[in-house]
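Peer 1: For reference, the chains in residue letters:
Number of protein chains: 4
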Amino acid sequence: GGCGAVAEARVLVINTGGTIGMVPQPEGLAPEANMLAGALKKIPILHDAAYAEETNLYSRLHLGDDTLVLPISRQNKRIIYTILELSPLLDSSNMTPAEWDKIGSLLEIYYEKYDGFVILHGTDTMAYTASALSFMCENLGKTIVLTGSQVPIYELRNDGRANLLGSLLFAGQFVIPEVCLYFHNKLYRGNRVTKVDAESFNAFSSPNLPSLATAEVDIIINWETVWRANTTKKFAIHKMNFDQHVGLLRIFPGITAEAVKGFLQSPIKGIVLETYGSGNAPNNCPALLEELQKATERGVVILNCTQCLRGSVSLVYETGKTLMDAGVIPGGDMTPEAALTKLAYVLSKPGTLAEKREMVKENLRGEMTVVPIGTQITLKDS
Amino acid sequence: GGCGAVAEARVLVINTGGTIGMVPQPEGLAPEANMLAGALKKIPILHDAAYAEETNLYSRLHLGDDTLVLPISRQNKRIIYTILELSPLLDSSNMTPAEWDKIGSLLEIYYEKYDGFVILHGTDTMAYTASALSFMCENLGKTIVLTGSQVPIYELRNDGRANLLGSLLFAGQFVIPEVCLYFHNKLYRGNRVTKVDAESFNAFSSPNLPSLATAEVDIIINWETVWRANTTKKFAIHKMNFDQHVGLLRIFPGITAEAVKGFLQSPIKGIVLETYGSGNAPNNCPALLEELQKATERGVVILNCTQCLRGSVSLVYETGKTLMDAGVIPGGDMTPEAALTKLAYVLSKPGTLAEKREMVKENLRGEMTVVPIGTQITLKDS
Amino acid sequence: GGCGAVAEARVLVINTGGTIGMVPQPEGLAPEANMLAGALKKIPILHDAAYAEETNLYSRLHLGDDTLVLPISRQNKRIIYTILELSPLLDSSNMTPAEWDKIGSLLEIYYEKYDGFVILHGTDTMAYTASALSFMCENLGKTIVLTGSQVPIYELRNDGRANLLGSLLFAGQFVIPEVCLYFHNKLYRGNRVTKVDAESFNAFSSPNLPSLATAEVDIIINWETVWRANTTKKFAIHKMNFDQHVGLLRIFPGITAEAVKGFLQSPIKGIVLETYGSGNAPNNCPALLEELQKATERGVVILNCTQCLRGSVSLVYETGKTLMDAGVIPGGDMTPEAALTKLAYVLSKPGTLAEKREMVKENLRGEMTVVPIGTQITLKDS
Amino acid sequence: GGCGAVAEARVLVINTGGTIGMVPQPEGLAPEANMLAGALKKIPILHDAAYAEETNLYSRLHLGDDTLVLPISRQNKRIIYTILELSPLLDSSNMTPAEWDKIGSLLEIYYEKYDGFVILHGTDTMAYTASALSFMCENLGKTIVLTGSQVPIYELRNDGRANLLGSLLFAGQFVIPEVCLYFHNKLYRGNRVTKVDAESFNAFSSPNLPSLATAEVDIIINWETVWRANTTKKFAIHKMNFDQHVGLLRIFPGITAEAVKGFLQSPIKGIVLETYGSGNAPNNCPALLEELQKATERGVVILNCTQCLRGSVSLVYETGKTLMDAGVIPGGDMTPEAALTKLAYVLSKPGTLAEKREMVKENLRGEMTVVPIGTQITLKDS
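Residue numbers (our numbering), protein chains in the order written: chain A, 1 to 382; chain B, 1 to 382; chain C, 1 to 382; chain D, 1 to 382.
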């Protein structure tokens, strides 16, 4: 609550870098430290200086220079947001699991203090980070939104202002207890998206799940799609201490058993196998299957995901039976980004290999569509 | 020409296998040999027995049982097509470069005898085969169309009949001197497509080039998009004798220099590096860049393509400059399928390494969009 | 029942005419009577002669020449369908409410005898007929599917075979107790569609409601969208004895009070007013509003629908308040086709004018989206 | 040019009203006069106060308070724009042809003084006004862009800022000598669009012509689509002195000859007949056709357009031959908005009825796609 009728909400913005805050440098665009909060203060839709002054916002709440306040929203709320920068700011192609743990630490530290969280991030690896955080955040009860832009917020025409504004409105006003990604007027489940367009404002797609919400003339939330953990446990961050021994292996015509063997060699512990169509791989090449089998036997977890943008590696049907016989786990309709980070998450949890293999098959954070086995859900007899 | 006013065209259908001709077997669907021609003869839109009899088609043209004739088309043509089966018929996930060479041999042998060619193929690797053949076919002057289906032609509801019929109409009636792919009423350039949907009839997408033609109420051909080689040279098939020493390496957060090193080890000769966004990779990890540089120095050709469905690795801008400094070649807007098979093609051609590196950069078959360097094409001053 | 394990279902196909059954005539395409059943018998996917013979189908069930049987479906059913032709067959631009009553009579007569119904119809007015029938069918408990095609079933490449086959499969196998429209692999609610493309196989759109089902690789039914009347009353057809005194009036800049007056003159009883955007009309032209008010006062029912393909004339907000003050009823997100036929239906029912005005506002057959008044459904406070 | 290296361009913004500038009033949103320029000055991306001061912009160019200057563009231009308001400001549902003439007068007066023009307008009738102006502007050589928004520029989240900014950048930097409409990152030909969505930021569609340009990460102009009049004549505005005796008549099943007669009665001079599909109307209702024929015989110009969003009333084929026999002119793929305003334009030009009928058939401003008669453009024989 604030002073009077208007509710105030507090949002923490964790700035990791990315195009949204980049400025021209001699060798191209690059992020610059300690600059964003000051710049945003000059943008009226992102900071209401008059309100801050009239309500003694800074002294009343003991806020520093890194905090801003949005103009009042249609929902009659004041969103007060504080920008916290990672150091150094990163081009998102330089993002690594170590940064995921850093972000996780910040979420853990500030979880109780804020109503919601926005993470500014480059678009190139945003889907990987969103997926990773979705697993790392256990028993999440608040809204976390990753966003960024294709054009820096300092340029005349840019998508950064609208993306940041929309993310703040979702994080500060609605309880969507997921790690989300907001881009181009759509809020997605973070572990369902993939970057599909390097040159459009509409850069992300959620091929196997509708968006959680849209923010056009009105904000419309598809509440029935929002994921809710059946738990009352306390929020916790699982640090991966990411051992980086997972990888992606894409099948293609002519791939050799030797190449697969090379890729699967120690110290690899988990592999996303990007197969054809509904999870198919060559089944007439015993040497190749043998390499996969040998790997699973020595404890490598292999998860079967499709190369196709849309579609699923069935948990039910015979497709890819040969791979299942070799110990490969069907990955349903997970994106490669979700599958890779799920593997890393599960492998870093305690437990036996058998327990981990079971955990990989479970739907942990809404990252896959679960079709009940043994039910024929699409048909109904007359 | 035929007997009288109706022009007859001859099309060779090379059946490699795939879902289109599969029948249920105890362990799932599988292709069955020597069955397709007989089955198609019973489908009136795919065989006009009355015409064959009335015009003494079989004796007049010395045709065997494996030849059928379509009912007359709107363009007043009779398309006579002969089915030639590879042995064994293959599930397309078992397709290898050896089969590409087999198909190439058949195209070479029958090139003069037929007006056009249709290749029946499973959808899983169809984009790979279409890309490979586009490079292998040098100085192509006739239409080659790959097609297949998501549901076997023997099922009640299927997309195989329409896909085969449309392909025959394009191959038999129009000179589109490309290796094309026809699916769900659209004709695409073969080296521009990728399979994007494992569960829909609309399975393919050509993300960076509009389709060459559509066949709905009318057949509409975008002639300005059709590729025409500036050559009068004779058609030839370049056999790859595919040495299988190419591969795909997808960058992801946390990929290690060791993993890259392992993957790039001998006998690899060419790599498609699937990078982020417009061709970005970590530039703050010297060990990783060093591995790439060492590989290019010992003669490995590395081609930079984006993980995004749509978009381009620029040939012009600074993006990915670090990778270019390491000897990596920007791949423009090529699909991974086109990039991989282009590498295999170029590496199997005679020439020095420098010549091959130049060839990889060229637009050989319309597989990439060429933006003239030094021109700012999108803006025009008032 | 049937002989043995295979369930047989009976579907009545009412052929009203339209492109699907047209043949070339000297002055263009035109429907030809008594030809369709014979032609379909030659198409193997639409008639399984062997099954008919082996099971003595015709004598066993006392069927005539106008009955066919589909090959067995994936759902292990045999759909036996009987074609009943209207006389004369009509180009759908000649369809009138008199034909709607004819179709209604047939549905009434044969309702108990068949498991489902398919209505062959031209595409031009199919959305009007589907809407009209949706209201005329009271307490519907079986599946009725309208379909047709953009290209005659007698042409080489056509969409008629697939549209008819899919419609038969829905009508014969699933209880979707609605008047549906099936086209280009999608099953829609009939009173939600509009023809949006005169030149594509994908001719219809349901702008304000998702499709009820798709039939691609699998048949997927969105059961939560299917409309179910809360009633156990007996099925009945309400004949409109259509007095044809309804009409559509589209607002445009410069429309005069005189033009509106002319259009609203007796004997008109109901009008769909096609307004701008969310239901807006000029509010600074008293003469025009006066004409609308005078009309409503003398008992004309005026229904406010938007000119936009997508969108809604709000039942809740202030928009179009001036029109509401003039007695105009907000039409929600109804299509013009649904609104027009709903007016005709309601006006032909017994009751006072006040009762009819209330009935127009109700959601009778899922033709409009009902947003509960007083509830803010899209937002949820944290 | 300005002071030094930066080119300055001058754009006139004609504010007619509409949602973009609306503020909450007791009875809902309404436009407020003399407020926009002041408000825009507070938005940094729409006004660069520092530049204005540093370069003595106001005194140097003798500008008043109604003029603003954009920050420098990527194309290194400074766009100086002056806002001129119509009085009163109008909700666009109150727009009439009288306002079109007012806007035309302003364009005529200021044509030489400015490099380009932006017209702020409500979305409800924007497509009508864009169409009308496209005809009224004869020999246009500068860029005119209509824009507006779905949400007022004074709201926190709105599409007005981006729409205005993009429009200014097109009007000030590129010579696209058309009346355009810019919305949601796309620049359309104004007489090709229609409002299709009442509730989305993406409110307009150009169903039968691709957009002229997109403005996402880069501004991409499809120069081959831009319309260029083959003329060196001087720009002129044709005032319609709009006699308002045109109208839209939508055909529907059951429409009576009486209703048509009523609608066509004097003083009507021109009618857009909204027919089915490719231009079809009932041909078995002689009374109805007779009314149309009588009207054309007494000089009413009747233009045949389709009810379908996409598609064309053929100029070539037999479709709608009955209507052509009755004197109805095929309208190709014109939108209803373009057809209606074209009629008003042509009818207000001098000339005989025969000349006007010919003029209606011509492609005057790119409003219709011209398919050469007698050429089969889509097929090419091998």
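Treat the hints with care, since some could be wrong.
Since the list can't tell identical chains apart, any single copy or any two copies may satisfy a pair.
Taking lysine-lysine and the DSS-like style, the derived pairs with C-alpha atoms no more than 27 Å apart in a straight line are [as the list claims (entries may be wrong)]:
(1) LYS42 to LYS361
(2) LYS321 to LYS269
(3) LYS77 to LYS239
(4) LYS102 to LYS142
Just so you know, these hints were derived from the structure itself, not from any lab. Because the structure is a prediction, the values reported are computed rather than measured.
Peer 1: For each hint, tell me whether it holds in the structure or not.
Peer 2: The hints, checked one at a time:
1. Neither within a single protomer nor between protomers do LYS42 and LYS361 lie at most 27 Å apart by alpha-carbon distance, with minima of 49 Å and 46 Å respectively.
2. For the homomeric pair LYS321 and LYS269, the shortest alpha-carbon distance inside one copy (22 Å) is at most 27 Å, but the shortest distance between copies (32 Å) is not.
3. Within a single copy, LYS77 and LYS239 get their C-alpha atoms no closer than 34 Å, and across copies no closer than 50 Å, so neither meets the 27 Å cut-off.
4. For a Cα distance limit of 27 Å, the shortest separation of LYS102 from LYS142 inside one copy, 19 Å, qualifies, whereas the shortest one across copies, 54 Å, does not.
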